[in-house]
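**Student:** Assemble the whole structure, with the sequences as input and the hints as a guide.
Number of protein chains: 2
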Amino acid sequence: MNGFTPSLEKLIDQFARLPSVGRKSAQRLAFHMLDMSDKQAAEFTETILNARASIHRCEICCNLTDGEICNICNSPERDKSVICVVGDPRDVIAIEKTHEYNGLYHVLHGLISPMNDINPEDICIKELVIRLGDDTVKEVIMATDPTVEGEATSMYISKLIKPLGVSVSRLAYGVPVGADLEYADEFTLIRAIEGRKEM
Amino acid sequence: MNGFTPSLEKLIDQFARLPSVGRKSAQRLAFHMLDMSDKQAAEFTETILNARASIHRCEICCNLTDGEICNICNSPERDKSVICVVGDPRDVIAIEKTHEYNGLYHVLHGLISPMNDINPEDICIKELVIRLGDDTVKEVIMATDPTVEGEATSMYISKLIKPLGVSVSRLAYGVPVGADLEYADEFTLIRAIEGRKEM
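Chains A and B, in that order, give the protein sequences. So that you can map any letter, position 144 of the first sequence is 144 in the working numbering, and since no number is skipped, the others follow by simple counting. So that you can map any letter, position 194 of the second sequence is 194 in the working numbering, and since no number is skipped, the others follow by simple counting.
Hints were generated in silico from the structure; no laboratory data involved. Misleading hints may appear alongside valid ones.
If chains are identical, the list can't say which one is meant, so a pair holds when it fits in one copy or spans any two.
Claimed, not checked - DSSO-like mimics (lysine-lysine), calculated; alpha carbons at most 30 angstroms apart, straight line:
| id | residue 1 | residue 2 |
| --- | --- | --- |
| 1 | Lys10 | Lys24 |
| 2 | Lys39 | Lys10 |
| 3 | Lys138 | Lys24 |
| 4 | Lys97 | Lys24 |
| 5 | Lys80 | Lys10 |
**Tutor:** Here it is, written out as structure tokens:
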């Protein structure tokens with residue numbers, strides 16, 4: 001016998017295909033699935049299918065939502081004159097956790113990356129331009145990842161929307177708060193020195 | 001907004017409950033589920049439910065199988081006079097990989113552990129004793145994990161079945177003490193089988 005019984009091998013294969021799940025973890029997860037109660041297993045699979053059926057992109061900001069328009073776009077308390085542009089719905093949560101930003105968001109669902117064949121038309125840039133059609137939005141803050149792709153995406157969008165008369169800014173680069181300066185890489189330090197503030 | 005949209009939070013929660021899956025991994029897995037094609041998602045959930053429906057314990061050795069009797073118990077080529085007793089179905093695979101052992105197995109589905117309230121009647125010891133009812137089996141090799149629980153289980157079973165006139169041996173301590181049997185390499189396992197000692 002070279003492996004587990006066929007249905008179990010198939011189950012392990014399914015888990016092994018998930019991101020960051022190796023063969024041993026896939027085995028552990030598969031055995032966990034077999035050990036679950038019927039109720040737990042039904043809940044697990046139904047939650048997946050329900051989430052897939054009900055989650056879609058907000059008609060305004062492209063963030064993931066159960067409704068037609070997401071809670072942030074719907075909220076009367078948010079400042080509708082600022083849009084913060086991020087690459088991924090997880091970035092919205094990261095910024096929301098600061099409790100410092102009260103504007104709206106726009107989720108691109110990806111970053112421009114010619115190497116991976118991701119072009120401007122593959123991410124939600126068109127939807128952002130449409131939002132800038134009236135005079136409500138005064139400022140756009142680019143908060144894409146501080147990577148080559150994030151930088152390229154920011155530059156592209158900035159050039160595209162500046163002619164629409166909106167102010168465009170970028171998250172400050174610098175040394176992360178609480179980190180050791182000696183572990184900061186050269187590029188971060190160069191940016192931190194360039195962006196120094198008078199005290 | 002404190003988190004993702006409700007269905008997505010629920011999906012992340014489901015993944016976060018899985019063993020060795022932290023909050024960040026659960027998020028990554030949940031997003032992966034949303035990114036799957038409908039076909040892939042259906043296949044994933046169906047594989048889980050199918051595996052749960054079709055996998056059960058072999059009537060003879062308690063190993064997991066799709067059929068009534070597992071491939072090993074069914075095989076005319078296996079030596080029916082030796083039974084290797086293991087704690088978990090994964091241990092069977094680990095020993096099979098050595099290609100050195102040609103006998104049968106018995107899977108206990110657990111190890112005696114009073115601290116975790118796992119008593120002899122909670123694991124498949126009764127089924128092992130029944131198999132020793134006729135004279136077919138001459139030797140039982142105890143191959144439970146080389147841990148306190150594995151050792152205790154071995155001792156308990158050894159005392160129980162020796163009066164039945166069967167020779168009982170234990171894997172030699174070629175296996176590293178304190179580790180999980182399923183992680184032992186083939187050569188260590190081969191040495192352990194060769195060097196087994198009568199109990």
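**Student:** Next step is simple, just say for each hint if it's right about the structure.
**Tutor:** So, going through the hints one by one against the coordinates:
1. Lys10 x Lys24: Both, since 14 angstroms and 26 angstroms are each at most 30 angstroms.
2. Lys39 x Lys10: Classified as both: same-chain Cα gap 22 angstroms, cross-chain 16 angstroms, threshold 30 angstroms.
3. Lys138 x Lys24: Neither way: Lys138 and Lys24 sit 52 angstroms apart in one copy and 34 angstroms across, limit 30 angstroms.
4. Lys97 x Lys24: between (34 angstroms within a copy, 15 angstroms between copies)
5. Lys80 x Lys10: Between copies only: 29 angstroms across, 50 angstroms inside.
The earlier numbered hint that this structure contradicts is number 3, and it is the only one.
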